[in-house]
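Q: Residue numbers (our numbering), protein chains in the order written: chain A, 1 to 205; chain B, 1 to 357; chain C, 1 to 167.
Quick caveat, the hints were computed from the structure, so don't treat them as lab data. A hint or two may mislead.
What the hints assert, rightly or not - To list a few chain B residues with every Cβ distance to chain A over 10 Å, as calculated:
#	residue
1	18
2	35
3	48
4	80
5	90
6	110
7	193
8	204
9	319
10	348
What the hints assert, rightly or not - With a straight-line Cα cutoff of 25 Å, these simulated DMTMM-like cross-link-like pairs (lysine to aspartate or glutamate) come out:
#	chain 1	residue 1	chain 2	residue 2
11	A	13	B	325
12	A	41	B	325
13	A	42	B	325
14	A	155	A	145
15	C	163	B	325
16	A	29	B	38
Bear in mind that the values here come from a model prediction, so they are computed numbers and not experimental data. The beta-carbon is built from N, C-alpha and C at its ideal position, and this holds for glycine as well.
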Amino acid sequence: MQSLTNRSKVVVKKEMSFAEKLYLPAVAKGMMITMSHLFKKKVTINYPEVERPRAEVYRGQHVLKRDENGAERCTACGLCAVACPAEAITMEAAERKKGEEGLYREEKYAAVYEINMLRCIFCGLCEEACPKEAIFLTDRIVPTEFERDDFVYGKDKLVEPTKKDERINIGPRQTQTTIDFKKNPEYAHNLLWDPNKKIGPKKGH
Amino acid sequence: MTLSIVLVTFAGFWFPLIMAGLVFAVSLGVAAYSTYVERKFAAFLQDRLGPSRAGPWGILQPLADGVKMVMKEEIIPNVSNKFLFILGPAIAMLTALMTGAVIPWGPKINIGGEWFSLQVADVNIGVLYLLGVVSIGVYGIMIGGWASNNKYALLGALRASSQMISYEIAMGISVITLIMLSGTLQTSEIAAQQHGFWADGWFTWNFFKNPLTFLIFFICALAETNRTPFDLPECETELVGGYHTEYSSMKLGFYLFAEYVNMFISSAVMSLFFFGGYNFPFMDELSNHPNLVAVIGAASMLIKTLFFVMVFMWIRWTIPRFRYDQLMNLGWKILIPLSLANLVATGITMWATGKIG
Amino acid sequence: MTTTEILFFILTGIAFFSGAMVVMSRNPVYSVLYLITMFFAIAGHYILLNAQFLAVVHIIVYAGAIMVLFLFVIMMLNLNKDTEPHNPPWVKIAAVIAGGMMMATLVGALKETATPLTKTNYDTTIGTVERLGNVLFSDFLIPFELSSALFLAAMVGAVMLSKKNIH
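All chains should be modelled from the sequences, with the hints used to inform the complete structure.
A: Here is the structure:
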């Protein structure tokens, strides 16, 4: 068989020489190898003080976005829950009452919206599925908890603050490439719905 | 004048006791910090950082470990033999600390005109005392392992005892070779003989006189202290925790601690027997300042000892554990014949060179 | 009483108590542990007689090697009450009589021959390594070497017994 790496060695089973049978030279060699590691660069990263560089498009804890007026964008359509391969998302829909227009953008909204962070695999399919640009994954890390129940994140933890300067920045995830990608007619459901536009996959794809 | 008299009377009565307390404290302190150094050293050899959170560079880690050990719940199994269960770690710790008594930690010190040796007890059979205490050290492990009433603990205890008996023979024979070379059983005398660097056309250190004896002694010391590659009694992969499977809290701490004290003491014995003990270069040039010599001597003894402690750790993180039959083969078929041959060869050489009649 | 006398009586008490407990203990592991205690008490007696070498060798050989093997074997066999053999009463009585006669003979023999040691005629250097070595390698050279040959024969015999296929 052809070697792929050129690093393979042919193993020969032969009688060991006297020096090899003594094992002491081999032991000394091994000890020199371990000693050489004493002076090598350490690979440990002191986590809370030093953070490992993360990819720009890192998929961490979710956020439910508000629109520019501070109203929740989510309309509790359930597409994210359907898209979720880990079945981590549940929600309950409710009808918007009069006078709540500033709170919820659509006539229907999510009264309860829960993501089980222990089930979530951070694949980002909910983000893909969302027609209202409401849910996004951010570069935040889900913190550890002592109880399993604490990992079920409700709206209190998911919805971003109303104040403009406290909003969660999803800029790094939304590079120009991503935005352009979402404008692709195959993913047109991510744009505002246009009845004249033909949606769905192209023919012959 | 009066002060010196007071000092002499005070020192004459209290010096051995102070020395005993000092040896006790130093052994325990070094053992405590060995645990830290072991973890740090292991981490460095594996390109990690090791404990770094408790205090700067983690130097308070032994303290944290000790507090954790004491605060943990103490579990004594219901079916165990309670008295023997408690006696086991006590014996392990006792025998580990007893050995430090006969080791000369430095040259004689001068207090108010009187000479005191930096040794708890300068008995004329110090070497045999060391062997004796080492040989009863196995009871701590055996009793603890048996009293736990647990099959893994019992297997660990059996392994420990058979291993210790096997390697004690080779160790004893290598010590006999050393006794033949030095002609005395007194530890202080052995240290004094290695004074200087060159005498009678050869090095004075016993290591240069007979390196093979040192090698055999070193391997046996590894086996006697249950260190890798001879740590089969506490082999995690096969025996859960070995003889201390059922132990918790400070009783477990005693077992672990005893291992480190043993390591420290056996390193001290090695530097005493083979590497000149407290002797250091240019000792005679300083002979006008005996107390300075004593302090530097004690420091050089400690440095040599700590070097061997480090070698113990270095070996632990380099060499994998032996299989049981390999262990027995090495002990009975290689080390014992080798040490016997070494003994005979040393005797013949000494007779040929006219060292003995 | 001097310190030596107090120590002597304490050590004797420990030796007698643990000697009796060796016989009376139900559990063989206890018997072995009491036997080890007794060896330590006797080693203490040696030290009181200024025979440190003998004391330490006693501990190394008996407590450190032989008793470890005893304990090892007993732990391996895992003796308990079910396997304990039940001897008929006459065997026990015969054993007591035989043992008692042995003791009486020993006491009688020692009483007749040995000169009692006092503070004046006891040689305090009798137990030192130098004296022991000189005596062993001059007066008792042949018995000493013969006993070593005996040990060698015993060792070879043990190896022969443990090897199965020797023709």
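Q: The structure should be examined with respect to each hint, and the outcome stated for every one.
A: The hints, checked one at a time:
no.	hint	verdict
1	18	38 Å, holds
2	35	19 Å, holds
3	48	5 Å, violated
4	80	34 Å, holds
5	90	36 Å, holds
6	110	41 Å, holds
7	193	28 Å, holds
8	204	25 Å, holds
9	319	6 Å, violated
10	348	23 Å, holds
11	A:13 x B:325	22 Å, holds
12	A:41 x B:325	39 Å, violated
13	A:42 x B:325	37 Å, violated
14	A:155 x A:145	18 Å, holds
15	C:163 x B:325	17 Å, holds
16	A:29 x B:38	21 Å, holds
Checked against the numbered hints above, the structure breaks hints 3, 9, 12 and 13 and satisfies the rest.
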